[in-house]
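Under our numbering, the first residue of the sequence shown carries the number 949, and numbering increases by one thereafter.
Hints are supplied without guarantee of correctness; some may be wrong.
What the hints assert, rightly or not - Below, in silico cross-link-like pairs of lysine-lysine (DSS-like), each with a Cα-Cα straight-line distance of 27 Å or less:
1. K1098 / K1061
2. K1061 / K988
3. K1046 / K988
4. K1098 / K988
5. K1061 / K1046
Please keep in mind that the hints were generated in silico from the structure rather than gathered at the bench. Treat the numbers as computed from the prediction; the structure is a model and nothing was measured.
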Amino acid sequence: MWGECQTGGFMPFFRESPTLAQARDLGARTAPFLAALAAKAPRIETGEPRVTMLADGLARVEFRVVNSGSLPTTTEMGRITGVVPPVVVRLVDPSTGKTLAPTSVLSGLPVSKLDRLEAAATQEYAWTVRVPAGGLAVAVSGPTFDTMQKTAVAAKEAR
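Turn these sequences into a full structure, and let the hints steer you where they fit.
Listed below in C-alpha cells is the structure:
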C-alpha cells in the first residue's frame, strides 16, 4: 500500500572515513553541484529610497527590496520553524545610527521583518515620516549578507 521502505543501516562513511581515492571521486562529483547551488543563492538588492517632501520636515519615503537570486531567502520550513532569521528593513537616523522612534513614523513601521522573499520577487515599502535633523537612511540586514544602508535624499517638494 505504501511502497518500499528501508529502515536501519548506516549512512556511507558514517563509521569510517573514505579512502583518498574515494574522497577525490566524491569531491569531483560533489563540487560542481555545490558550485551550481551557490550560484542560485538568494541575492538581496535594494533600490535607492525615493523621498518626496510633503511639508515642514514631513516626507513620504518609498523603498524597494529585490531578491535577484534563483532561490528564496529561506525555505518554507525555515520560515515556519523560525530557524533562519528574517531580512530586516529599518528606518535609521544616520547621524546616530539608531532606528527612528515610532513617534517619528506616521505611516508604516520603523522596523519591518521579511520572513521569506521568493526568487525574483520584490517587496515595496512606503512610509510617511518626520525627517530627523541628521537626515534619513534605510538599512537592510539579513543572515546571509552584510547590512546595506542607503541614504534617503529628497526628490522634490509637494505642491
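Comparing the hints with the structure gives:
no. : hint          : verdict
1   : K1098 / K1061 : 17 Å, holds
2   : K1061 / K988  : 23 Å, holds
3   : K1046 / K988  : 33 Å, violated
4   : K1098 / K988  : 25 Å, holds
5   : K1061 / K1046 : 17 Å, holds
In terms of the numbered hints stated before, the structure departs from hint 3 and from no other.
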